[in-house]
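As they're listed, the protein sequences go chains F and C. Quick note, the first sequence lines up with residues 143 to 337 if you use the working numbering. Quick note, the second sequence lines up with residues 19 to 285 if you use the working numbering.
Everything labelled a hint here was simulated from the structure, so no lab data went into it. A hint or two may mislead.
[Said to hold, decoys possible] Dumping the calculated DSS-like pairs for lysine-lysine here, alpha-carbon to alpha-carbon at most 27 Å: (1) F:Lys176 - F:Lys186; (2) C:Lys260 - F:Lys186; (3) C:Lys207 - F:Lys186; (4) C:Lys207 - F:Lys176; (5) F:Lys176 - C:Lys245; (6) F:Lys200 - C:Lys250; (7) C:Lys192 - F:Lys186; (8) F:Lys309 - C:Lys238; (9) C:Lys245 - F:Lys238; (10) F:Lys301 - C:Lys260; (11) F:Lys231 - F:Lys337; (12) C:Lys238 - F:Lys176; (13) C:Lys260 - F:Lys248; (14) C:Lys250 - F:Lys309; (15) C:Lys250 - F:Lys186; (16) C:Lys250 - F:Lys311; (17) C:Lys70 - C:Lys106; (18) C:Lys207 - F:Lys248; (19) F:Lys290 - F:Lys231; (20) C:Lys278 - F:Lys311; (21) C:Lys276 - C:Lys250; (22) F:Lys186 - C:Lys70; (23) C:Lys70 - F:Lys311; (24) F:Lys290 - C:Lys207; (25) F:Lys192 - C:Lys284.
Model, not experiment: these values are computed from the prediction.
Residues per chain are reported as follows:
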Amino acid sequence: MKRRISSIGLICLLILPTFLFAQNKDENISPQRKQAIDSLALEKVRDLSKYISIIGNKSTPWSESQRVIERAVELFMENSEIGVSSLSKPDIAYFKVREYFDRLMKLNYDRVNIDWYKIQYVSDLERQPDGTYVGVITIYQRFQGFDKEKGLIYEDTTKKDITVYVKRKETQIGGRLIGFWDVLLGDIRVKETAK
Amino acid sequence: MRVMINKIKSLNWQHVVFIILIAALAVGSDSCKTTGKMSKKEQKAQIEQAKKQLSEIINGTSSKSLEAQGRTVNEIASKHFKDPELDKMIEDARQVIKNAYAERDKQKQEQVDAARVELLDMLLNKDEKSADELEAELAKIKAMNLGNKDINDLIAKVEEKIAGMRTKKNVPLKNQLENAFQGIADASKSGNTNQVVSLTRSTLQLFSSDDAPVLIMISKEGPDYDKPTTIKRYLEFVRDQKASRNAVDTYQLDNDGKIKELDLIKM
Chain F
143 MKRRISSIGL
153 ICLLILPTFL
163 FAQNKDENIS
173 PQRKQAIDSL
183 ALEKVRDLSK
193 YISIIGNKST
203 PWSESQRVIE
213 RAVELFMENS
223 EIGVSSLSKP
233 DIAYFKVREY
243 FDRLMKLNYD
253 RVNIDWYKIQ
263 YVSDLERQPD
273 GTYVGVITIY
283 QRFQGFDKEK
293 GLIYEDTTKK
303 DITVYVKRKE
313 TQIGGRLIGF
323 WDVLLGDIRV
333 KETAK
Chain C
19 MRVMINKIKS
29 LNWQHVVFII
39 LIAALAVGSD
49 SCKTTGKMSK
59 KEQKAQIEQA
69 KKQLSEIING
79 TSSKSLEAQG
89 RTVNEIASKH
99 FKDPELDKMI
109 EDARQVIKNA
119 YAERDKQKQE
129 QVDAARVELL
139 DMLLNKDEKS
149 ADELEAELAK
159 IKAMNLGNKD
169 INDLIAKVEE
179 KIAGMRTKKN
189 VPLKNQLENA
199 FQGIADASKS
209 GNTNQVVSLT
219 RSTLQLFSSD
229 DAPVLIMISK
239 EGPDYDKPTT
249 IKRYLEFVRD
259 QKASRNAVDT
269 YQLDNDGKIK
279 ELDLIKM
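Here chain C stands alone, though its shape is the one from the complex (with noise of 0.2 Å):
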């Protein structure tokens, strides 16, 4: 015990403690070196995998989103690595990127301006398809969500003439205003005008305006035609004469799918 306490005693402190806080340096800067600045091999590897993602951009063969891969470009450039071929790279990917979605818009306005013409065609409805039709090719457009104000409006239309339709039994507007008019003459004969004037307000509301011209063909030579009227007044005409002489020959619409010129032929 002596011998021990002795031994302890010769020791030179200072040197103990200098050997210690060396000891305790050692071990501080190694713990530094895994949170501090990256080591050259590191940022390097970083380098590499920076350039080949921009390559992938690039040449157009990631298969990120556009938007993605903005973020992949914004994330390198924000890391400056200073390396000239990476800076190049990134302006490179920039302008892919610029481009690509200069692209894309167009497609896009291509598409919203297809589906416009297919959207008014279908309004009209000249080749007079059934409503399940209409909501066949309505499906597709409604599919592409092109997210466009004026092709929402149309498409809400659409959608309102396909109810009108199945409302009416899908009867071909042809029909319909011949049905009308026939009823009005009907209705007028046997003195139900609360009937004639429901289906004459019904009927107008198929007009662009109660002033929409009527053109009535009394001969296809020439052609001749008897003198021009309007929807209102050969309504009340029909009501007056208590018959309905002449058939739908054929109509024009205007954009929201209201007829504003009709022309009739005599039966």
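So here's chain F without its partners, still in its complex pose (with noise of 0.2 Å):
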């Protein structure tokens, strides 16, 4: 019995190191490769901010907004949603990403400027247990409206913050095996809403 017990412990041993340096291994990822990722992940954002202006942009023909929608649908996970606010209403909207851009695009106003500035990481993208890296960047939008013949007529400045997921997945392309990291965005919550 005792023999029995130290042999299964003895394999114990032999087993863990291999199963430790798997995981280590997985997890061995340089300083300058997890910077590349914490760039392409805050690179995603700002493309979103842009999708986000041309599709809010009244001149935008409406084929084209169509087109851009796509293009940002593409950067978020499904179910994902955004926040709105306003500073006449005291709750948050949460509307699903497709309907958050219909609505965008349909907005009352003769003009609209959308900018998004002060991107940066509030939390630094993190392993999870099951190879995802995690994160938040925060966002401060400053929304304004406009009348043909009034001029501004709404203005705010909200801050966002938005979860992203960042995933290495590999694929073929033209018979060689490519690594990439699939970056998408979470739901974007709104923190503050000020004028």
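Two chains, each in its own frame: build the complex with the hints.
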């Protein structure tokens, strides 16, 4: 009996380092690679801000807006939601991504300006047990709505947090196995709204 | 006068006519000798001459072309000298000519194969040679007069490429692409939709299809890439973002010299 227990213990001792090594090997991303992934995720958020400007711009042709909406939707995980606030309402409304963009396109202003700035990490990308990196990026959004005759009729500044998910995937391109980082945005939650 | 007449009367005319006939036959047979069968002496001379010609062909010392050698052998054979040694030489000569044709065809095929490789290299132009350099290389291949359809098609494509290079003032493909990307970004920023459309269209023509894959390397370690896209979508992205953030790293061309795969790297 004692001999059996010690044998099992020995086997476990032999297997454990292998298991740990496998985990560590997966986590073993150099600082340079991590920085590249961090930059990539930040870039996707900046890309989204450009898409939002195009979609909200009343002079963008309808077909162009539709194309850009498709590109913007592809940045998000399925079922993600985007928060919308207003100075005139205390509640924050959350819409599914596509619905948010459709509403953005149809805002009742003659002209709209939407600018995102101070785009930065509030929570660095950290590896989860399943290999996904998760972080939070904050943005400040300045929204201005104009009337043709009255000029600026609405303006607010909103702070929003965006959860980002980054996972390494592989695909075949022309016979080559390519490893790429798939960045997907999660919910965009409103943190503050001010004039 | 009476004496002469008597002498004429005394002649035996039958004998005279006979003599005239014999003389006529003798003259006639001499004429036949110049236009009829050759003499044995002449035949022998011709056989010797034929053997000499065939010997040159068999030994490979004939200065005539293969086609002319073939005609010579056929001419000799058509005379049917019925000389066993000559007949054997005719057969040997024919075999030599046949082998020579086969060797010539083999060499020509090797030239065609080598020319094909060179022409494909010119279309790829990985060494980024100038239009003048490509033209000089092309001239050498054209001078071979290979008369092969595939080669002629490739020559036409290289000529088209060279013409295109001259039109674009000899700008390497990498620079062309990067200039196009920046051009689209600038045009989009300034609101020049027509310029964006025009540049996008001309850039897409450099590619094998609108769906040609585009990879963007974010880190050489790994190496790590952004999510793969296509050239059409990438150009739309540059337009939407109004910025060109990536440099051309490498590309792969298809047999028509079009880009079938593009690798970019973050600047």
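task = Compare the structure with the hints numbered earlier in the document and write down the numbers of the violated ones, lowest to highest.
result = 4, 22 and 23
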